[in-house]
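Chains as they are written, first to last, in this note's numbering: chain A, 1 to 275; chain B, 1001 to 1265.
Bear in mind the hints are in silico, worked out from the structure with no lab data behind them.
Because the structure is a prediction, the values reported are computed rather than measured.
Check before you lean on any hint, since a few could be wrong.
[Unchecked claim] Each computed DSSO-like pair below joins lysine-lysine, with the alpha-carbon atoms no more than 30 Å apart:
{"no.": "1", "chain 1": "A", "residue 1": "K37", "chain 2": "A", "residue 2": "K25"}
{"no.": "2", "chain 1": "B", "residue 1": "K1020", "chain 2": "A", "residue 2": "K37"}
{"no.": "3", "chain 1": "A", "residue 1": "K185", "chain 2": "A", "residue 2": "K25"}
{"no.": "4", "chain 1": "B", "residue 1": "K1130", "chain 2": "A", "residue 2": "K25"}
{"no.": "5", "chain 1": "B", "residue 1": "K1020", "chain 2": "B", "residue 2": "K1223"}
{"no.": "6", "chain 1": "A", "residue 1": "K37", "chain 2": "A", "residue 2": "K185"}
{"no.": "7", "chain 1": "B", "residue 1": "K1223", "chain 2": "A", "residue 2": "K185"}
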Amino acid sequence: MTHEGLGAPRAASDSAGAAVVRLVKKTLVIAELEVRKLRHDATELVTRAVQPALWLLIFGQVFTRVRAIPTGNLRYLDFMAPGILAQSVLFIAIFYGIAIIWERDLGILHKFLVSPSPRAALVLGKALSAGVRSLSQAAIVYLLALLLGVRLNSNPGAIALVICAVILGAAFFATLSLVIASLVKTRERFMGIGQIMTMPLFFASNAIYPIAIMPGWLQVVSHANPLTYEVDALRGLMISGGSAAYGVGPDLGILVGATAVMTLIAARLFPRVVA
Amino acid sequence: MPIVETRNLSKRYGSSLAVKELTLSVESGEIFGLLGPNGAGKSTTLKMLTTLIPPTSGGALVGGCDIVRQANAVRRIIGYVPQLLSADGALSGFENLLIFSKLYEVPRAQRRARIEEALEVMGLSEFARKLVRTYSGGMIRRLEIAQAMVYRPKVLFLDEPTVGLDPVARQAVWERIGELRTAYGMTIVLTTHYMEEADDLCSRVGILHLGEMMALGTPAELKASLRVPDATLDDVFVNFAGTSLQTGGSYRDTRRARRTARRLG
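One chain only, chain B, in its complex shape (with noise of 0.2 Å):
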């Protein structure tokens, strides 16, 4: 059974449609890719789907629970990694895992146990009493993921997740997203616009452009439709796009990428 499903998922901004009749759907377990350059869409699905914002027309279940009519029961099988760093950097490492513990609601007797193994776990034991402020991006990203450990969610929607990092951080960050796939059974759906991350990380992979889906598949098999040797994903989006990756996106999105890996200096 399929633990996120959209169906006709569309969002209208003024005049254009940023994400466009948008059907797919996610099986317990994977972890799913939504492939893009900036101002695909990506972003915007994942607002979406995280009820943040409704969406225009269409809709999407998660969980078996619809996304705006019962959005609390959405919230509380879900979580979210925002693209921007989002941890309190007034606030120690520990201390942001703490309040997140309790607004999720994770009883008391386990709280301590399961920070201390999430801290653990993203080699960020020893720096739990510093302020986050003092973090490097790739730190801030690890704790973000020892979040969701802490919280287990049954879905968790990550927004570029390695967008800034260096690539020895990248590597360390999709390692970890691995593990909560494994050792807990997360769902993952996450954006990015890296194809060696999707080609990496994804068990199935959907390519939007400008707010609509071309194509949906497994990595392997989207290569292999191109029918061309040693095609690469990079070319299954060409030809699927008519573009290239690297283009495409507005000012804004790009404005905001930029900002976000100044502060990942």
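Excised from the complex, chain A in its bound form (with noise of 0.2 Å):
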């Protein structure tokens, strides 16, 4: 009889390092399980690219042509490609937490919570699960912008930052679902929630029109609302010829930041979701 790993309880000694390593580890754990479902059945990607296709190719199409959003030296489409992008990533992570809602459901929730992982792992896990999901998206968007003209930057570092910034906002916005979850508890109303917490987040962005057209109090809540910087460093990164206003540097680190507390607060609430 072996009992290796499970043996001792090693928590006390663990060293800080390997706390982070083990948070490493088990993040990557959940991250592969939803690679492997992704694998198993691959449609949902495809249904989901088909509402950027029609923004991109209706809405964007349409405004090019009416020049009625000042868009400095871009042509229209050019600087809503990215936030076509920022906005699908928003609208699979948004939902995420739904996922969380489900698994508690049918149980398979508790034996994660019951597996010695730490919990931050587990709300790592579902944010780059998200993240995954969402380079699908940005697959589809670069398709759809290359077919459509649009002049995308081909340097390999800045598509490399691309994904950075796509995965940063997928995690984002999936560990404020899980949140979110944790405290509505049930599919019906965090349904309820989910769709109108969409709308404000991206229409209260730079997503589709530069901060600077909007009303004073528009303009406050769109510098407090994260898809704006994941949109900004995209447009600097994705376009050539296009500019980050904030700098991609500042719009990562805002990110990063916003995840890791999004991160803290989600670790300590989402495991009341079995209560």
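Build the complex: two chains, separate frames, hints provided.
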């Protein structure tokens, strides 16, 4: 009989370094689970592609002709493509919490919570899962943008940073979603709140028009909205000739900070989902 | 030395006490059964012992560790199979075991061998690559027990392991549970409202009614205590709880049991 890795309680003797290694490992296991699910059933990736396609094809094409929105030296379609990428990431991530409620109803969540995994790893694992799912959206938006003649930046370094920005954006909104799920606890209430939230998050941001044309109060709201910084970073990285108003570095820094804070809150709250 | 020890363990939901001052100890290597109807407080007790919910008052030690202050240390030595069928339907049986072997830090070199052995013992080898959503209820239960075989906890908590299973599948699950104890020396704590299950499987039984422990002992002791010839555990239950095992239980529990039974087909 063997008990490797399970025998004596080691928690007390863990150094901070070992704790970080464990956090990273367990986070990756949870994300691996998501990748394996996607491998079994990829149809969702295709259906998810419809919405950004419609925004770019219909809204984007029309507003490019109208020239109603001041977008500086960028064509409107070039201006909005990063916004639509951020939007499709938001829509995937903000409903992630419902998966937790679903898993609670199935009893799966109980088993994760009973396993010797840091609560923060369970949260970050879900956040990273949302990031992985969002990468397929990024691929689709890039493809559509290419077909529509958007001037994309093909610098590999910039594309690598786009991937970072997309994962960070997804991670933030997925953890926010987990916090909401922990508070409302039922699917019906969550759907209601999720729908109420996506609209203001999307429109009170720089996704499809610059913040400068907003009334003062909405400018304040938009500056407090992490989506703004995700879009800003993407605009600086994705589009050739595009620039980030706040700088790519500060944008990504704000996303990292916001995700860290939200992860701490979610790790505190979400074990209560099973109570 | 007892491996599970509770002292005045209590849980209050609003104005109702789900578990009242429960004091019991389970010895290492035992199969201990918490017996009672729906709503008796069995699942709540298990959720406290598995660190899922904190007690309102009182406390418990599992493997010498406090379930609240040393929750992480407790999680390292326990396994839990919830009442609901809780394998992930969108993954294969093999993948379900693989993910949990990693979460439980089974050394990489042993993972594959342990998973294959567990699937073999549970009679699931030929379905290992099939998605769990195609499994029957009995197969899912066996997969969940296989999960415990892979990470080999010192104490395994099973909540109503055979609810909704047909008699053949139920018998198979009982045999597997017995094997876990003999092969790995696991201590097993299970809840049930089936008298045969308690009689057949458990070395000791605690009878729980409306959150209170009414009687505690081996099935034989409990039956003998009635001083009636051919007493069954059913008779014991009626004697101590003043009511039959088949009545009682909240709407929510009944609904959940039905839903589980439906999913099991």
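Looking at the structure, which of the earlier hints fail to hold?
2 and 7
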